[in-house]
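Student: Residues per chain are reported as follows:
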Amino acid sequence: MKEITCECGHVNPEGTVLCEACGKPVEKNQHIDGNEDKKLLNMRYDGSARRSQTYNRTIIDKIWNFFSSVKVGVSLIFIVVIASAIGTIFPQEEFISSNVDPSTHYRDQYGMAGQIYYQLGFHDLFSSWWFMLLLAMLGISIVIASIDRFFPLYKTLKKQKPKRHELFMKKQRIFGETQADNIDIDRFKANLKKRRFKLYEQDGHILAEKNRFARWGPYVNHIGLIIFLLGALLRFVPAFYVDEFIWVREGETTLISGTEGEFYIENKAFTLETYDKDNPEDARFKEAIESQDGAIPKTFRTDAVIYERTNQGVTGADPELEPIKEGSATMNNPLKFDDYALYQASYQLNEFSEMSFKIHDSDDEESNHGEFTIDLANPQSTYELDGGFRVEVVNYFPDYEMQDGQPASVSKYPRNPAFVFNLYPPGEETPETSFLGIGANIDAGQDNQYKLGLTSFDVRDVTGLTVKKDHTLGIISLGGAIFMIGVIQGMYWNHRRIWLQPRPDGAWIAGHTNKNWYALRMEIEKSIEGTQIEAPQDQYEMKS
Amino acid sequence: MGDLSTISGNLLYAAFFIYLIATLFFAATIRDKKKSKSKMAGNIGISLAIIGFLTQVGYFITRWIASGHAPISNLFEYTTFFGMMLVFAFIILYFIYRVDLLGLFALPIALLLIAFASMFPTEISPLVPSLQSHWLYIHVTTASLGQGILSVSFVAGLIFLISQVDQTRRTKHTTWLEFVIYVIAATLAFIIISSTFNALDYEATFEAPVEGQQTEVTYEMPALAGPNEGVMISEGVMSPIFHAPEWMRGEDAAKKFNTFLWSILGGLILYWGVRLIIRKRIAAAVQPLLNKKVNPELVDEISYRAVAIGFPVFTLGALIFAMIWAQQAWDRFWGWDPKEVWALITFFFYAAYLHLRLSRGWQGMKSAWLAVGGFGIIMFNLIAVNLIISGLHSYA
Ligand code: HEM
Numbered sequence: 403m404k405e406i407t408c409e410c411g412h413v414n415p416e417g418t419v420l421c422e423a424c425g426k427p428v429e430k431n432q433h434i435d436g437n438e439d440k441k442l443l444n445m446r447y448d449g450s451a452r453r454s455q456t457y458n459r460t461i462i463d464k465i466w467n468f469f470s471s472v473k474v475g476v477s478l479i480f481i482v483v484i485a486s487a488i489g490t491i492f493p494q495e496e497f498i499s500s501n502v503d504p505s506t507h508y509r510d511q512y513g514m515a516g517q518i519y520y521q522l523g524f525h526d527l528f529s530s531w532w533f534m535l536l537l538a539m540l541g542i543s544i545v546i547a548s549i550d551r552f553f554p555l556y557k558t559l560k561k562q563k564p565k566r567h568e569l570f571m572k573k574q575r576i577f578g579e580t581q582a583d584n585i586d587i588d589r590f591k592a593n594l595k596k597r598r599f600k601l602y603e604q605d606g607h608i609l610a611e612k613n614r615f616a617r618w619g620p621y622v623n624h625i626g627l628i629i630f631l632l633g634a635l636l637r638f639v640p641a642f643y644v645d646e647f648i649w650v651r652e653g654e655t656t657l658i659s660g661t662e663g664e665f666y667i668e669n670k671a672f673t674l675e676t677y678d679k680d681n682p683e684d685a686r687f688k689e690a691i692e693s694q695d696g697a698i699p700k701t702f703r704t705d706a707v708i709y710e711r712t713n714q715g716v717t718g719a720d721p722e723l724e725p726i727k728e729g730s731a732t733m734n735n736p737l738k739f740d741d742y743a744l745y746q747a748s749y750q751l752n753e754f755s756e757m758s759f760k761i762h763d764s765d766d767e768e769s770n771h772g773e774f775t776i777d778l779a780n781p782q783s784t785y786e787l788d789g790g791f792r793v794e795v796v797n798y799f800p801d802y803e804m805q806d807g808q809p810a811s812v813s814k815y816p817r818n819p820a821f822v823f824n825l826y827p828p829g830e831e832t833p834e835t836s837f838l839g840i841g842a843n844i845d846a847g848q849d850n851q852y853k854l855g856l857t858s859f860d861v862r863d864v865t866g867l868t869v870k871k872d873h874t875l876g877i878i879s880l881g882g883a884i885f886m887i888g889v890i891q892g893m894y895w896n897h898r899r900i901w902l903q904p905r906p907d908g909a910w911i912a913g914h915t916n917k918n919w920y921a922l923r924m925e926i927e928k929s930i931e932g933t934q935i936e937a938p939q940d941q942y943e944m945k946s
Numbered sequence: 140m141g142d143l144s145t146i147s148g149n150l151l152y153a154a155f156f157i158y159l160i161a162t163l164f165f166a167a168t169i170r171d172k173k174k175s176k177s178k179m180a181g182n183i184g185i186s187l188a189i190i191g192f193l194t195q196v197g198y199f200i201t202r203w204i205a206s207g208h209a210p211i212s213n214l215f216e217y218t219t220f221f222g223m224m225l226v227f228a229f230i231i232l233y234f235i236y237r238v239d240l241l242g243l244f245a246l247p248i249a250l251l252l253i254a255f256a257s258m259f260p261t262e263i264s265p266l267v268p269s270l271q272s273h274w275l276y277i278h279v280t281t282a283s284l285g286q287g288i289l290s291v292s293f294v295a296g297l298i299f300l301i302s303q304v305d306q307t308r309r310t311k312h313t314t315w316l317e318f319v320i321y322v323i324a325a326t327l328a329f330i331i332i333s334s335t336f337n338a339l340d341y342e343a344t345f346e347a348p349v350e351g352q353q354t355e356v357t358y359e360m361p362a363l364a365g366p367n368e369g370v371m372i373s374e375g376v377m378s379p380i381f382h383a384p385e386w387m388r389g390e391d392a393a394k395k396f397n398t399f400l401w402s403i404l405g406g407l408i409l410y411w412g413v414r415l416i417i418r419k420r421i422a423a424a425v426q427p428l429l430n431k432k433v434n435p436e437l438v439d440e441i442s443y444r445a446v447a448i449g450f451p452v453f454t455l456g457a458l459i460f461a462m463i464w465a466q467q468a469w470d471r472f473w474g475w476d477p478k479e480v481w482a483l484i485t486f487f488f489y490a491a492y493l494h495l496r497l498s499r500g501w502q503g504m505k506s507a508w509l510a511v512g513g514f515g516i517i518m519f520n521l522i523a524v525n526l527i528i529s530g531l532h533s534y535a
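Protein chains in written order, with the working numbering: chain A, 403 to 946; chain B, 140 to 535.
Just so you know, the hints here were simulated from the structure itself, not pulled from any lab data.
Note that this is a predicted model, so its numbers are computed, not measured.
Be aware that a few hints might be false.
Simulated pairs of lysine-lysine, DSS-like, Cα-Cα distance not exceeding 30 Å [unchecked claim]: (1) Lys473/A - Lys505/B; (2) Lys431/B - Lys928/A; (3) Lys917/A - Lys178/B; (4) Lys505/B - Lys572/A; (5) Lys431/B - Lys917/A; (6) Lys917/A - Lys505/B; (7) Lys441/A - Lys505/B; (8) Lys395/B - Lys700/A; (9) Lys505/B - Lys440/A; (10) Lys430/A - Lys440/A.
Covered stretches of chain B (in silico footprint by chain A; criterion: 3 or more residues with CB under 8 Å from a CB of chain A, positions within the stretch not fixed) [what the hints assert, rightly or not]: (11) 441-451; (12) 475-488.
Yeah, the Cβ is synthetic: ideal placement off N, Cα and C, and Gly gets one too.
With the rest of the complex left out, here is chain A:
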């Protein structure tokens, strides 16, 4: 490394723009911070030697310099902003109904624009590879830009000396010359101390500094951002993150998926409450309730018991369950056990649980040739009836709908069950076929002798719960907290420095801050009260 020895005796690393100790501009390096022909020095990083400004030979240098540029960083941010905004024009794929085909949905709903949107992949923007790539580049940029600046700046601020080079003083934005022989230095120092400045002195030269720690704010917040991003990445590791969904019928006990066979849940009851304008407690919402078309829900609640399987690992054996927790999940209050949380996410009211049928003569509804009951969660393939009849379930549509003239099931949940039965009268080998659903009893054969009729059914509610285990939350919260500390540190305090240099005929004063110059000038004005030091000028001219 080619080092630069300043006339003050300090040895600076290659690439230094302003001597770390006295601030004298290193002549051959002024182009780095664009100081040539300028009245003022660029004080952004105190003229420290940054890698990105010093080396530009190898490919690694070039990559480093690319990512450490704030211009690149801000461009990346703006690309993310614009892409995200476009991503909200039409609903994302995950928000559209799951039984439509996205490849036609966007064209059908939004015409040409929708088609283009889909073709360009904006319908699934936030999990697309290029959006991920953008975020990754943003992350890399944050890391490199921070490393590039933090270490040199830290070193420079540590090595700074109160005694500054004349050029350094003169080329500060806030600078003033005082000609007087009765300057009250002690008063000046006392004023500064009162304003909580730290004072450093060297041969009568004074450096007053406060809130240097605020300079580290951006680096702290960038670390927070990176931890946050890493936490989000860890979700792709299954040990850290479980996200499953289960339907549990009332009265049913089922395995909680995602828990590796360890936990079971029993749904005791699902409750949906709505606001009721006749209920005195809700009367104040009367107007709003009346102006709404449908009922306004008040609570969704699942009362449940959680069981742990005690004979886990015993293959083939029936699970032995031991209740470990009884409680309820409502929206905003998940039911927690072990590392898991169950969230009230969805529900289905009045799902069919059982249907009972009887066989009667086609022309006599009152006759009865036997009855049978189908458990819809678990339908059998044939039912032998007492009267000698046999019923074969040829086809079962849990959620029946006619599609293109064909019966079909739009989901696997018994919301609108329909059946195709083969009915074998006693001793017969050729069946009569019939089709049966709620409100639809179509004879497949015109001349059927028998008919099936629905005699009764049972319904129950089904709750939809998300099963979550999320060990990344801790990391993500940590990242968020560090980020907040960092922004507050950087935004609510300002790093301010004031230099005083004794001159044969009086004194020079200069000031620097990383933000809020007006406030710095106010501070200087208060510090020089009664000291005979003249108020410095702001040498900066705003180009509006």
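Knowing the structure of chain A, use the given hints to seat chain B with the ligand on it.
Tutor: Chain B with the ligand in isolation, oriented as in the chain A frame:
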């Protein structure tokens, strides 16, 4: 309880008028010859602003008691609260910098917001299950405070632009500035037109297909654009000049489009009406009034300071608290729904603002324009996302 909600409504009216009077006092400060410290008029102005703010806090508390939940759960409540936070943020920055002009611009913006909010249903509504969480209050209040502080940055930026843009010739700057003023005029037009037809109880009902079903759609303003394939049922009212395009299919899409058209037209009439009378660009007419009072560097710093103070508050409220709440209510702290995405866009935008200012020296004009853009994003999230691209948060 019913009485309490009447009291609450009256307090809001009172606050509105107090802000209005405070604005007049701030306007009077323009005559003060001195650039710096505020005098009589300014002191009265800020005192009234504080009294108005406290009155509005009174509205907030009484409405909270009446409804049993914090009144920040629909567009009306949320927007009024936002107006209140803008006033609060203005008061804070006033005491840091003591610039009277800030009041002259901040209070009218708050007045517009509150009046705008009142155009939406104001009845007390119950909370659906996902909103029943303390995190909702914490999230919405902090986010809104953050947006209020960030909006002061816009107010200062606007003062900067009006006083500094060269008005001797027509440039991009003058054109965009007039556009910003026009948007404000259109908002005002919306408020005037809505309240007029509201007072007249105007109604025009159509029968139109909505998602394949014949549905009745009632307009509260005369239909410039009727619903697509809509048939008018009401009698004795103006029939639509044309029909909304075919792709506006949502239940209220055509109606909202019609309201939008009215606002655009009303804004044009207001804007050009004034402009024809004064015979120059509006900003050019205002500029000489401000010039004596404005210290451009100071105004620029206020604009920046507002971002510096508001950015952490906004991040905490609109992202961090929002994530905590979303984690509880919907089992995921982030879901890319439009409201969330726009909060993130706001965050990124102001992060870019800070980087450009800090590292690339964007000050003065450039920075003021960014502040205007940031406010545009905030308003877009408040209004357009709620009314047009509604997601899970569906206020209104
Ligand atoms: C959205 C992501 C980001 C956020 C929220 C963020 C936040 C911040 C904040 C709040 C500051 C302090 C600004 C000020 O004091 O006015 C800052 C400074 C800075 N940021 Fe970022 N940043 C982000 C991304 C980036 C990226 C991508 C880069 C890459 C070039 C970058 C480079 C810097 C630099 C160089 C500084 C100045 C540090 C200093 O003054 O010592 N940041 N950042």
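Student: Against each hint, give a clear statement of whether it holds in the structure.
Tutor: Hint check results:
1. Restraint check for Lys473/A and Lys505/B: satisfied, since their Cα atoms lie roughly 15 Å apart, inside the 30 Å limit.
2. At most 30 Å may separate the alpha-carbon atoms for a hinted pair to count; Lys431/B and Lys928/A meet this at roughly 26 Å.
3. Taking the CA atoms of Lys917/A and Lys178/B, the gap is about 29 Å. The hint holds against a cut of 30 Å.
4. Proximity of Lys505/B to Lys572/A is assessed by CA-CA distance (about 28 Å); at most 30 Å being required, the pair is judged to hold.
5. Only pairs whose Cα atoms come within 30 Å are accepted, and Lys431/B paired with Lys917/A is accepted, the gap being roughly 26 Å.
6. With a C-alpha separation of about 17 Å, the suggested pairing of Lys917/A with Lys505/B holds against the 30 Å cut-off.
7. Simply put, Lys441/A and Lys505/B have alpha-carbon atoms about 22 Å apart, close enough for the 30 Å limit, and the pair holds.
8. Using a Cα cut-off of 30 Å, the hinted pair Lys395/B and Lys700/A holds, with the two alpha carbons roughly 29 Å apart.
9. For a cut-off of 30 Å, the pair hint linking Lys505/B to Lys440/A stands: about 21 Å separates their Cα positions.
10. The hinted pair formed by Lys430/A and Lys440/A meets the criterion: a straight-line CA distance of about 15 Å does not exceed 30 Å.
11. Only residues whose beta carbon comes within less than 8 Å of a beta carbon in chain A count, and the region 441-451 of chain B has 6; three or more means the coverage holds.
12. Given as covered by chain A, the region 475-488 of chain B passes the check, having 9 residues with a CB less than 8 Å from a CB of that chain where 3 are the minimum.
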